[in-house]
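**Student:** If you want the building blocks of each chain, they are given just below.
Protein chains: 2
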Amino acid sequence: MRLSRYFLPVSKETPADAQIVSHQLMLRGGLVRQTAAGIYAWLPLGHRVLRKIEQIVREEQDRAGAIEMLMPTIQAADYWRATGRYDAYGPEMLRIVDRQDRELLYGPTNEDMLTAIFQHSAKSYRDLPRILYHIQWKFRDEIRPRFGVMRGREFLMKDAYSFDLDEAGARVSYNRMFVAYLRTFARMGLRAIPMQADTGPIGGDLSHEFIILAPSGESEVFFHKSWETLRSAEDYAVDAEDSTALQAFVDSMTADYAATDEKRDEAREAALGDDLRQSRGIEVGHIFYFGDKYSKPLGFSVSGPDGSPVTPLGGSYGIGVSRLVGALIEANHDEAGIIWPDAVAPFKVALVNMRADDGSVTSAADEIYGRLSDAGVETLYDDRDERGGAKFATADLIGLPWQLIVGPRGLANGVVELKRRATGEREEVSIESALARLTA
Amino acid sequence: MRLSRYFLPVSKETPADAQIVSHQLMLRGGLVRQTAAGIYAWLPLGHRVLRKIEQIVREEQDRAGAIEMLMPTIQAADYWRATGRYDAYGPEMLRIVDRQDRELLYGPTNEDMLTAIFQHSAKSYRDLPRILYHIQWKFRDEIRPRFGVMRGREFLMKDAYSFDLDEAGARVSYNRMFVAYLRTFARMGLRAIPMQADTGPIGGDLSHEFIILAPSGESEVFFHKSWETLRSAEDYAVDAEDSTALQAFVDSMTADYAATDEKRDEAREAALGDDLRQSRGIEVGHIFYFGDKYSKPLGFSVSGPDGSPVTPLGGSYGIGVSRLVGALIEANHDEAGIIWPDAVAPFKVALVNMRADDGSVTSAADEIYGRLSDAGVETLYDDRDERGGAKFATADLIGLPWQLIVGPRGLANGVVELKRRATGEREEVSIESALARLTA
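Residue numbers (this note's numbering), protein chains in the order written: chain A, 1143 to 1582; chain B, 1143 to 1582.
Isolated chain A (complex conformation) (with noise of 0.2 Å):
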């Protein structure tokens, strides 16, 4: 993309609005720009940078054997009547009354909506267990939003719920969701904890948050130093199929004290001593299993083998999509602007053009430009008639991985500058190995 040609708008100014970082630089950076309180649009890199997150979440889901499909963000009131949620969910749900009278409102979740849909299909065991999965907007009218994504009213997430005979086999589902969870955050380059938590307004009696690290965190955690290795989505290779390699694999991953200010065991705190971590934590998913909390109000029940009906048991699952886009710069950026690891970078390259207004640079960085993209590199050329500096300003501002840097000095003596944004390293290398290095 040749940013002469985008919609990217920068600034230098700190907003004086946005009170932590990654606002800051969301905004700074031309990724979003709010239109209402709580509310974003995503403008083009921001945009790129959430289709990324998206992608991961979703080919983890598939991986974990949940099936996508998407419901839409207009909810009815009467399937949180059945529930006898629609009363308790209080002033956060946006309700609307549309032309005919009717009660609607935007979804903030969708147990009752989804559990509802699975009733009218699902009669039979063979039909289950079931994991489903969806994408989309929601919706919670915040009575103060803040922190810019982080705590939006309109917000992407990622929920999926689970629907199966007995309780080993929500287990076993739960356990695919946590498994599917950690590979989700370490395929992003984070470290996320998983921490036993209270279960709120979607109930149940089994709970992990995943907590990721950050100075800004909305809450207070205490965890094991063993937590402080990051560990890649490898480390969480594990048989989804296999229900005890699974079990084994998710107690020795509790085992080690995690936990949330409402959950915290000072027994095990004190013994820990030294080996005790505190810090302050961002919640980027939430699993919950809740038993028969929507099918028995709903009376869904399945035929079993034997022809009598069970009624089936469910856990749901969240993870906070567009808010990971602000906990990712939290735990990625530096006084210039933001480190995108590469797996969410919304390009790969900055391809800076040092002299626009010199024919031989511009044509030896358009060449480069065209290589790149022939290889299929996510590549954004700074072809614009600007200054060096303002040009080195943006590349660390909007902070892609790589910055390649051609100007005429370099050009006479055949060498291109190529920089690692994340260690700030500088290296001088011919065209064509600079070429090797990013297309490998």
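Hints were generated in silico from the structure; no laboratory data involved. Hints should not be assumed to be uniformly reliable.
[As the list claims (entries may be wrong)] Covered stretches of chain B, going by a simulated chain A footprint (3 or more residues, C-beta under 8 Å):
no., region
1, 1175-1185
2, 1205-1216
3, 1247-1260
4, 1474-1481
[Said to hold, decoys possible] Computed footprint of chain B on chain A, listed as stretches where at least three residues anywhere in the stretch have a Cβ under 8 Å from a Cβ of chain B:
no., region
5, 1180-1187
6, 1215-1229
We put the CB at the ideal spot given by N, CA and C, even for glycine.
We have chain A already, so just place chain B on it with the hints.
**Tutor:** Here is chain B on its own, set in the frame of chain A:
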């Protein structure tokens, strides 16, 4: 995907309230489920089609130089007040009041918001031209939602917005979208005819609807018989960077008569004589040039090359992504069910195991499934313990382009049956040759 683990609630009964064939087949084929009047959940099979269509739309927008972003579904009423459309829009706009008594609405379209967003950052002639687009859910509170996803209330639309410095430039943007639309629909196997159209509430003086022919269409259309030829995307290959070639191409595409009911020209029709055709049509896309209709009330100007202010001229360009699912079925079905064009089929192959209770048939079918999956062929594997007749009926109903049938008699002779859904042609071929055909 193994059907025994999928969520595909097909039904034999034709739903009483579904008047047109696409609506009937989408319900019967388990593609969607209605969750409120004019609002649908996209079940896994329907969701896959929706994403295929969305991706073709996206690729052709990108090819035309449009830049993807994503605006929220909920808009502040102020955007619409600023352009004077808030009161004018009428009861189809879903108006919402939040907990702080702020007036919001569920966006039915985005001219007002996007012009404001773009205005905020575009200050110079160098920031133009631009075409920005998003693919986002919209809501129009239809008084009588009907025809399933064809005239639903919550619907997925691709809407693009162009900004140019002068009329000649605006015409180039318009032409680019014109060609992108022809290509988009042709890639889906649709014959979409561009017709001069009224501009309605969007405003402006130049507009084309893209209409496909179907007996269930909402409007009567009239056209030269030349449009009976089905064209492919290759027939619409024109360099989007060459404005002269672009205009000549658009002129050639609008030379032959084609008009909706409101835009009929009796003199031209009379001159056509036997070459005139009449049909009912479904609108799948609509493009508008509206000049300064939105930039003027917003006071949007940029500094021109000589420093003097220039008011950008705009157009907007919509494709009904969710509506296309219905339109495609209207254009592609028979008595037995849907016949998906290859480009939008949810899976390429329906692999039918005729005897799931027979170990050797199942192991052959399992192996074929594994090899198709390894080759990246999207396969829905009917591994359920059901009779062959029910499996054939399901396969025909959901309309995947190919059916590969594995049964005991064939296997004894070393063959499987390969059926092309569109033609009904069946062939007995060896497993290897079937695999070679499907992976080619």
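**Student:** Does each hint fit the structure? Answer for all of them.
**Tutor:** Results for each hint:
Check on the region 1175-1185 of chain B: 9 of its residues sit with their Cβ under 8 Å from a Cβ of chain A, so the three-residue criterion for coverage holds. Chain A is given as covering the region 1205-1216 of chain B, and this holds because 9 residues of the stretch bring a CB closer than 8 Å to a CB of that chain, at least three being needed. Judged by the Cβ-Cβ criterion of 8 Å, the region 1247-1260 of chain B is covered by chain A as claimed, because 4 of its residues qualify and three suffice. Residues of the region 1474-1481 of chain B with a Cβ under 8 Å from some Cβ of chain A number 0, which does not satisfy the need for three, so the listed coverage is violated.
Only residues whose C-beta sits within less than 8 Å of a C-beta in chain B count toward coverage, and the region 1180-1187 of chain A has 6 of them, enough to reach three; the restraint holds. With a cut-off of 8 Å between beta carbons, the region 1215-1229 of chain A has 5 residues touching chain B; three or more are needed, and the interface restraint holds.
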